[in-house]
Structures are given as structure tokens and as C-alpha cells.
Amino acid sequence: MSLIELASNRSLWRGVYYYEDGMVMSFEKVSETIFAGKVRGNHSLPYNLILDISHPRKSTCTCPFAEGRRVICKHMIALYFTIFPDAYENFMKEVAAWELEEAESKEQHVEELRNDIAKLSRKELQDHLLNAWLEMEELRGDSW
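End of the sequence shown sits at 234 in this note's numbering; the numbers just go up one at a time, nothing left out.
These aren't lab readings, by the way, just hints derived from the structure by calculation.
Careful, some of the hints might be misleading.
[What the hints assert, rightly or not] Restraint ranges, calculated between C-beta atoms of paired labels, are given here: (1) K119 to Q198: 46 to 56 Å; (2) T123 to E227: 21 to 31 Å; (3) E201 to N99: 39 to 49 Å; (4) A126 to E227: 48 to 58 Å.
[Unchecked claim] Okay, derived cross-link-like pairs now, DSS-like style, lysine-lysine, Cα gap no bigger than 25 Å in a straight line: (5) K196 to K183; (6) K209 to K196; (7) K148 to K128; (8) K119 to K148.
Only a predicted model underlies this, so the values are computations on that prediction, with no experimental measurement involved.
Ideal Cβ placement from N, Cα and C applies to all residues, glycine included.
Model the full assembly from the supplied sequences, consistent with the hints where possible.
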């Protein structure tokens, strides 16, 4: 699995923001698949990273979230996108395509609901509205 696939959603998106904000201070290529880098974080000192592209879980970071654990942190994501800006561009294109697909799917669903609603009688509409209203009150914890 790739670094992006292994990262949690939170780490991935925070890493995107760190990349976009230019938080990566420096990096160097150690070998064909290993990079060392420094990334700014919430503390005054930067975090030191070793990024292993072939074996992402072997990557390390000195941040509190990742230190001593085999997890992908936001600093690793920021460093990865700095080293491979095309990967960032491809990722953002995939996100845009997914968002467009979701919007189209929602639009189609709303249109199907409108068609179904148009077929209901006034009494059926009132019953559905009452049930929906009661369910919303129950979800909010409203009491009678």
C-alpha cells in the first residue's frame, strides 16, 4: 500500500495543508526510495523524518503522534508531496473527480425523490412530513 493509502484521513488532509503552507524546510535523497527531511510543526523545533517510499510503515518522524509507532503522520504526507509534487496534483485531481461524482449522485437522488413526491397525495405528503418531523425531534432528543 502507498503512503497515501496508509494515512488516516485526518493525517492525510493535515499533511496536504502542511504541504500547501510550505511547512517542509528541507529534504535530501538518501537512496532510491528513502528520503530524510525536516518539517515545521507546532513546536519551535522542526521534526526529523525518514521517509521510506517502498515500505511506508518503516518511515519515522520525531513528532509526538508518530514517534515510536508505525503510523503515517501529517509531516510524512507533507514531505511526500514536496518530493513528488505530481503525486499531489494527481491526488487533488482524484479528489475533485470524486467530489464531482458525489455531487452528480446527490443531484440524481434529489431528482428521484422529487419524482416520487410528485406522485403522492396530499394526505400521504402530510403523513410523511409528520413522521419525518417526529424522527428529527427524536434525533435531537426533544421531549413532548
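Verification of the hints:
1. K119 to Q198: 46 to 56 Å: Given range 46 to 56 Å: holds, Cβ gap about 47 Å.
2. T123 to E227: 21 to 31 Å: violated, 57 Å
3. E201 to N99: 39 to 49 Å: violated, 30 Å
4. A126 to E227: 48 to 58 Å: Once the Cβ atoms are compared, 57 Å apart, the range 48 to 58 Å for E227 and A126 holds.
5. K196 to K183: It holds: about 20 Å lies between the C-alpha atoms, which stays within 25 Å.
6. K209 to K196: Within the cut-off at roughly 20 Å; holds.
7. K148 to K128: holds, 17 Å
8. K119 to K148: holds, 16 Å
Hints 2 and 3 from the earlier list are contradicted by this structure; the remaining hints agree with it.
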